[in-house]
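A.B. asks: Okay, here's what each chain looks like letter by letter:
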Amino acid sequence: MNVWLLIVLCGVVTFVIRLSFIAVEGKVIFPPGFRRLLTFAPVATLTALVIPDLLMPQGMLWLAWDNARLMAGLAAMVIAATTRSVLWTLVGGFVMLGVLS
Amino acid sequence: MSRFSQSHPCNPIVPQQPSSPAASPPADHPARSNFREFRAGLLAVAPLLIGVAPFGMIYGALALSQGLSPAAALAMSTILFAGSAQFLFCQLFGAGAPALIVVAEVGLLNLRHALYSAALAPQIAHLPRRWKLALAYLLTDEAYAVIARREALGEAPGPHRHWFYLGAGLGLWGSWQLSTAVGVLLGARLPTDWPLDFALPLTFIAIVVPLIRNRTMLAVAAVSGIVALLMAGLPFKLGLLVAALAGMAIGWRLAGSIR
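So the sequence lines, in the order shown, correspond to chains A and B.
To convert, note that position 83 of the first sequence is 96 in this note's numbering; the numbers rise steadily by one, no gaps.
To convert, note that position 21 of the second sequence is 125 in this note's numbering; the numbers rise steadily by one, no gaps.
For reference, chain A alone in the conformation it holds in the complex:
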């Protein structure tokens, strides 16, 4: 498929998802189960994206102290849990990665 067509298609799908509830607010009532399912979408999708990135930086499982990405990622998780700040999580994670590698 033409790459431009594919980009537009993905863009339309994304825009429709973003508009979904905004567009139908007050007009459509969704089954409660659907909203419950959506509640888990950010954690489910983003964790599935992040975990292999930390544990398999070279395509294979690398569970060791000298995996700098894993250690910096764990440090970032602690910072995120304590500060709840995107800024400090990024700064701390980058600094840790720099120190460790």
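Quick caveat, the hints were computed from the structure, so don't treat them as lab data.
In this text, a Cβ means the ideal position worked out from N, Cα and C, and glycines have one as well.
Keep in mind that a hint or two might mislead.
Simulated DEER-style distance windows between Cβ atoms [as the list claims (entries may be wrong)]:
1) B:Ala256 / A:Met73: 36 to 42 Å
2) A:Lys40 / B:Pro295: 48 to 54 Å
3) A:Leu113 / B:Arg234: 46 to 52 Å
4) A:Pro45 / B:Asn318: 17 to 23 Å
5) A:Ile42 / B:Leu231: 19 to 25 Å
Far from chain A, by Cβ distances over 12 Å, these chain B residues were calculated [claimed, not checked]:
6) Ala135
7) Arg136
8) Ala285
Keeping the supplied structure of chain A fixed, place chain B upon it in accordance with the hints.
C.D. replies: Then chain B, alone, in the frame of chain A:
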């Protein structure tokens, strides 16, 4: 607690009344308040640029390395305007994935935006359609995080708050386009010993970790993470799809059994 924080991702979203302008403090000159809100939105996203800038630059370089033209790489940033999905698109495109798989995975990855849409919807229900379209287009993880955080801090949501949303959204939009363009311009000349790509996991860690506030959410994260590792060998990153669906299914199941 403000109305917005009640509809935070972790809580069930309760139907809400649109805001009544009468509930807000008497405004001074409206245009000035609009500008003040807009500027507050811009300032609120400024600290996030430390993540957005390397993210956008590395995206631009990745897009070229996966065979996209500079024009297509830049256009994707305006048409899709979703960092993680753009990354995924490039990787799948480079691997020669079928179009259906690309659209399905981008759709699933961005499904979380429906949740942000549901949280924002009551706040902007009273606005004209052009505002709704614009704010929907600008709705990203980072924009949502900034909006939710401001409301959670207990700042009284005033009648001009949509200008705050617009400021936050446009601030992120502008910096995304700019950093993408820098990445496309530099391309392969980006220094490879800078771990710019680490901005991705860091950004998502910063978004996900504060959401894990109960055992159900922890189970969702654990299942998605483990399944993602187990399925990492699947072609075209289909493991991501399986892992995300497995995580959502376990959350749905656990939350349902509690009720």
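A.B. asks: Work down the list of hints and note, for each, if the structure agrees.
C.D. replies: To see whether the hints hold, each was checked on the structure:
Against the hinted window of 36 to 42 Å, the Cβ-Cβ separation of Ala256 of chain B and Met73 of chain A comes to about 40 Å, which satisfies the hint. For the hinted restraint 48 to 54 Å between Lys40 of chain A and Pro295 of chain B, the CB-CB distance of approximately 51 Å keeps it satisfied. Look at Leu113 of chain A against Arg234 of chain B: about 49 Å separates their beta carbons, and that is inside 46 to 52 Å. In this structure the hint that Pro45 of chain A and Asn318 of chain B lie 17 to 23 Å apart at CB holds, the actual value being about 18 Å.
At about 21 Å, the beta-carbon gap between Ile42 of chain A and Leu231 of chain B stays in the expected band of 19 to 25 Å. With a closest Cβ-Cβ approach of about 25 Å to chain A, Ala135 of chain B is found to remain outside the 12 Å limit, as its non-interface label requires. Once the 12 Å rule is applied to beta carbons, Arg136 of chain B is consistent with being away from chain A; the minimum gap is 27 Å. Look at Ala285 of chain B: its CB is around 16 Å from the nearest CB on chain A, clear of 12 Å, so calling it non-interface holds up.
Hint compliance for this structure: no hint is broken.
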